[in-house]
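> As given, the protein sequences belong to chains P and Z, one line each in that order.
Position 158 (the first sequence) corresponds to 158 in the UniProt record's numbering; numbering is contiguous.
Position 137 (the second sequence) corresponds to 137 in the UniProt record's numbering; numbering is contiguous.
In short, the hints are calculated from the structure, not lab data.
Note that CB positions come from ideal geometry on N, CA and C, so glycine has one too.
Misleading hints may appear alongside valid ones.
[Stated by the list, open to error] Simulated restraints, written as ranges between beta carbons of each label pair:
#1 Z/Arg18 - P/Gln153: 54 to 62 Å
#2 P/Asp117 - Z/Lys245: 41 to 49 Å
#3 P/Asp117 - Z/Val426: 47 to 55 Å
#4 Z/Asp700 - P/Lys55: 56 to 64 Å
#5 Z/Asp166 - P/Asn118: 35 to 43 Å
#6 Z/Glu191 - P/Asn118: 32 to 40 Å
#7 P/Arg20 - Z/Ala146: 51 to 59 Å
#8 Z/Thr419 - P/Lys55: 17 to 25 Å
#9 Z/Arg97 - P/Gln153: 57 to 65 Å
#10 Z/Asp530 - P/Asp117: 17 to 25 Å
#11 Z/Phe410 - P/Lys55: 21 to 29 Å
#12 P/Pro119 - Z/Asp4: 28 to 36 Å
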Amino acid sequence: MAKVSMTVNGKDASGEVEGRTLLSSFLREQLGLTGTHVGCDTSQCGACVVHVDGKAVKACTMLALEAEGAEVATIEGQANADGSLNTIQQAFQDHHGLQCGFCTPGMVMSAAALLKDNPKPSEQEIRDYLEGNLCRCTGYHNIVKAIMAASGQDVSSIAAE
Amino acid sequence: MPKDQGIGASPKRREDVRFLTGAGNYTDDINVNGQAYVHFLRADVAHATINSIDTSAAETMPGVVKVFTGADFAEVGGIPCGWGVTDRHGNPQQEPRHPIIADGTIRHVGEIVAAVVADTLEQARDAAEAIELDLSDKPAVVNMAAALAEDAAKVHEDLTSNLCYDWVFGNPDDDAVQAAFDSAAHVTTLELVNNRLVANPMEPRVAIGEYTRGTDEYTLHTTSQNPHVIRLLMCAFVLGLPEHKVRVIAPDVGGGFGSKIFHYAEEAFCTFAAKACGRAVKWTSTRAEAFISDAHGRDHVTKIELALDADNNFTALRTNTMANMGAYLSTFSTSVPSYLHGTLMAGNYKTPIVQVNVKTVFTNTVPVDAYRGAGRPEATFQLERVIDKAARELGADPIALRRQNFITEFPYETPVALTYDTGDYVATMDKLEEVADIAGFAARRAESEKNGKLRGFGVNCYIEACGIAPSNIVGMLGARAGLYDAATVRVNATGTISVFVGAHSHGQGHETSFPQVVADMIGIDESMVDIVHGDTGRVPFGMGTYGSRSIAVCGSAMVRATEKIISKAKKIAAHLMEASDADIELKDGQFTVAGTDKSVAWGDVTLTAYVPHNYPLEELEPGLEETAFYDPANFTYPSGAYACEVEVDPDTGKVTIERFAAADDFGNIINPMIVDGQVHGGLGQGIGQALLENAAYDEDGQLLSASFMDYAMPRADDVPFYQVDHTCQTPCTHNPLGVKGCGEAGAIGSPPAVVNAVIDALQSGGKSVTHIDMPLSPARVWAAMNG
Numbered sequence: 001m002a003k004v005s006m007t008v009n010g011k012d013a014s015g016e017v018e019g020r021t022l023l024s025s026f027l028r029e030q031l032g033l034t035g036t037h038v039g040c041d042t043s044q045c046g047a048c049v050v051h052v053d054g055k056a057v058k059a060c061t062m063l064a065l066e067a068e069g070a071e072v073a074t075i076e077g078q079a080n081a082d083g084s085l086n087t088i089q090q091a092f093q094d095h096h097g098l099q100c101g102f103c104t105p106g107m108v109m110s111a112a113a114l115l116k117d118n119p120k121p122s123e124q125e126i127r128d129y130l131e132g133n134l135c136r137c138t139g140y141h142n143i144v145k146a147i148m149a150a151s152g153q154d155v156s157s158i159a160a161e
Numbered sequence: 001m002p003k004d005q006g007i008g009a010s011p012k013r014r015e016d017v018r019f020l021t022g023a024g025n026y027t028d029d030i031n032v033n034g035q036a037y038v039h040f041l042r043a044d045v046a047h048a049t050i051n052s053i054d055t056s057a058a059e060t061m062p063g064v065v066k067v068f069t070g071a072d073f074a075e076v077g078g079i080p081c082g083w084g085v086t087d088r089h090g091n092p093q094q095e096p097r098h099p100i101i102a103d104g105t106i107r108h109v110g111e112i113v114a115a116v117v118a119d120t121l122e123q124a125r126d127a128a129e130a131i132e133l134d135l136s137d138k139p140a141v142v143n144m145a146a147a148l149a150e151d152a153a154k155v156h157e158d159l160t161s162n163l164c165y166d167w168v169f170g171n172p173d174d175d176a177v178q179a180a181f182d183s184a185a186h187v188t189t190l191e192l193v194n195n196r197l198v199a200n201p202m203e204p205r206v207a208i209g210e211y212t213r214g215t216d217e218y219t220l221h222t223t224s225q226n227p228h229v230i231r232l233l234m235c236a237f238v239l240g241l242p243e244h245k246v247r248v249i250a251p252d253v254g255g256g257f258g259s260k261i262f263h264y265a266e267e268a269f270c271t272f273a274a275k276a277c278g279r280a281v282k283w284t285s286t287r288a289e290a291f292i293s294d295a296h297g298r299d300h301v302t303k304i305e306l307a308l309d310a311d312n313n314f315t316a317l318r319t320n321t322m323a324n325m326g327a328y329l330s331t332f333s334t335s336v337p338s339y340l341h342g343t344l345m346a347g348n349y350k351t352p353i354v355q356v357n358v359k360t361v362f363t364n365t366v367p368v369d370a371y372r373g374a375g376r377p378e379a380t381f382q383l384e385r386v387i388d389k390a391a392r393e394l395g396a397d398p399i400a401l402r403r404q405n406f407i408t409e410f411p412y413e414t415p416v417a418l419t420y421d422t423g424d425y426v427a428t429m430d431k432l433e434e435v436a437d438i439a440g441f442a443a444r445r446a447e448s449e450k451n452g453k454l455r456g457f458g459v460n461c462y463i464e465a466c467g468i469a470p471s472n473i474v475g476m477l478g479a480r481a482g483l484y485d486a487a488t489v490r491v492n493a494t495g496t497i498s499v500f501v502g503a504h505s506h507g508q509g510h511e512t513s514f515p516q517v518v519a520d521m522i523g524i525d526e527s528m529v530d531i532v533h534g535d536t537g538r539v540p541f542g543m544g545t546y547g548s549r550s551i552a553v554c555g556s557a558m559v560r561a562t563e564k565i566i567s568k569a570k571k572i573a574a575h576l577m578e579a580s581d582a583d584i585e586l587k588d589g590q591f592t593v594a595g596t597d598k599s600v601a602w603g604d605v606t607l608t609a610y611v612p613h614n615y616p617l618e619e620l621e622p623g624l625e626e627t628a629f630y631d632p633a634n635f636t637y638p639s640g641a642y643a644c645e646v647e648v649d650p651d652t653g654k655v656t657i658e659r660f661a662a663a664d665d666f667g668n669i670i671n672p673m674i675v676d677g678q679v680h681g682g683l684g685q686g687i688g689q690a691l692l693e694n695a696a697y698d699e700d701g702q703l704l705s706a707s708f709m710d711y712a713m714p715r716a717d718d719v720p721f722y723q724v725d726h727t728c729q730t731p732c733t734h735n736p737l738g739v740k741g742c743g744e745a746g747a748i749g750s751p752p753a754v755v756n757a758v759i760d761a762l763q764s765g766g767k768s769v770t771h772i773d774m775p776l777s778p779a780r781v782w783a784a785m786n787g
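If we strip away everything but chain P, and leave its shape as in the complex, we get (with noise of 0.2 Å):
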């Protein structure tokens, strides 16, 4: 076992770790941050997506170890400091981007991420940046419509909500 430090959410979080366990496994069970989800075991799925040091980051792809000291953003940091949705979330929600809610966490974390690095991304752009997250209830239709309104873009083009 090894001590592990890091911040998440902005606070300072330590904990005992084997050398296996994993990031993802450290924040759901360590934390009990469980608003972190493990879909798959081959980084396929992206239900696990937190960022770590500002990039997203796959939480069942990294040891715990290796974000020492990192400064680690969860789904459960997201929300404005009132408690209020923040924009992307209220925008999945306004535009029905989720369903089961088992794939949002990762969702809304890759989605901060594109708009950071691309604030007003093409549906093309959108698509192609979500290739790393699975969801099975919404046909990603009001996802990518969710990502394309938090961006600012005019969305009420587009058929049926």
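Got chain P sorted already, so can you dock chain Z onto it with the hints?
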């Protein structure tokens, strides 16, 4: 939107806030004090005799609590099949024992051979590696046709063969059916495969068993679409536990699509092991386990024949299907290729003679059961493909050929036992032509061709039987359960309401849409109404969510219970206003005496019910809580017409979905936003089946596509924005909301449109391709073009 609340409005989903902030409560998020973890040692061969299992080394490994094998479950029952199908000779289906842990024979890759419970998951995994198995391999039976050969190895030695049942439905007279084909002006024949799929909800299955010694009570937390059904099956058939001592909780569930209907071995194991180990036992499926332990879907091999007269009227339809059951009969497995499939073969058409034959087959593969649509996609696919092929052979317009044969008068009794109450197939096709912009297709095709691509247009119709189902009818057909649903409306003294519903929401948004109905009926703000679901300890009873039944069946129960509430509340209001309850009207949460200005508010009446000082106690009980069980009089029949436009790259065979349009008739609609979302999701899965997904086994029974690296799930860049319309509405005539259900339509209606479009594209390029089996991967399309 005409209003922002009530039936027909699209309020934002209230469940979204917790899902968007990481505050959901999925089963794997639950940890019970002192819990141990189980790791299942699963078979890595498809068929073998277990000579011995040596667990002695594993039992001494660090942290190990107990190791279980099949012998530990010798005294408990097997997992039951919920539907007994009678074959064409009047005999029952062959029904093998389905053990919790393999009892001497391994019958599919993924079957549980042993289970290790340990303090940590890592310890359980490590110890499982120390279990020594002595196996004698047996020949694997994988291919269905080979499994039915006389000399085939048997999956179950105690059965007479690998045939589960040979079932005939519709017109049973072979000679009469043959005569219709003999006298036909044209017969179109098509042989096709409905590819095997894995449901793959994004949340893998989880089970946590708890046992409380002091009260002899069990709690199972599980990822289920129907916790009461799990409790009933597990208690009555598997573990022999008293039902009232067992609580099953299915909290937030991350998608199901059918795969979380069924009672699984892991649920019974964790419940059983919690008592045996004296501590809670938790199992979280990996995705790798999910591929080889979640029930699969589809997997039909079919030959369909359509007879037409000289005027292109359909005169007879005959279809013969082999349907894979896998190694054991999962909960609803035998109903899927029979009564959820054969009954739909008339489709939207007035074909007078329909004969359906289905042979279900045991193989050394994972059990196969319902997946979104369940039997209805298989029926729709073969029917809408053979019609398209017929149109091409006859030089007829595929839309005109369909229109000519539409059922146009309702109610309509089909030759395959259903009575469609309402529908308007002409209207949905008219709407589709508009939404899909068929008029603009020629120009779009020309543009594609300019870019070196082939462009195709494909259309299909669908009908489905939803709102499962009238209990007396399904009982006659072999169902071993009733298929009603239940709701309890509990009004609190202050007027807020909890509705306890038997339906389970795992993405469908019931927490938003169900309160819309109750609030609308009473005329109060929706924020005063919550639903409670997914817990047998809180919800009185329910049969759960599948078959697009939630609003049609459970929603109807909720309406009936609310009607009882209103009836009683009117009596209380009448007493308060010294009037006759027949004169009381309820509008916008106010009770008024008709024709007067006397009124009392909803909250005054509810408070009076619980503080009955001025109250007719001799006539009326205090309190305001009512339960209703609702058993539908008929199935509901959503229908629609779908259109797909594809581009095919002739150099690579890659298919791109350029446009997809859906015109559905779901009857009345509670929340249009949610309904659109349900259709979108179904379309995504249907396009996945048509182009990408395939659960492929090799001849040894190894699942080749057993991870997301090998099984092609649809991704955001595989699909377009969809054009979805549901303004054609012929309300259901036999439920109080006039609703039909919308959950499965997208998955049922989309695969044939995709394939029809690809065939159209290839033929436009001068290729004589008439069929390609799904998934239409680039390799298959290229091979068909160049074969």
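> Does the structure break any of the earlier hints, and which numbers would those be?
Numbers 1, 2, 4, 5, 6, 7, 8, 10 and 11 - these are the hints that the structure violates, sorted from lowest upward.
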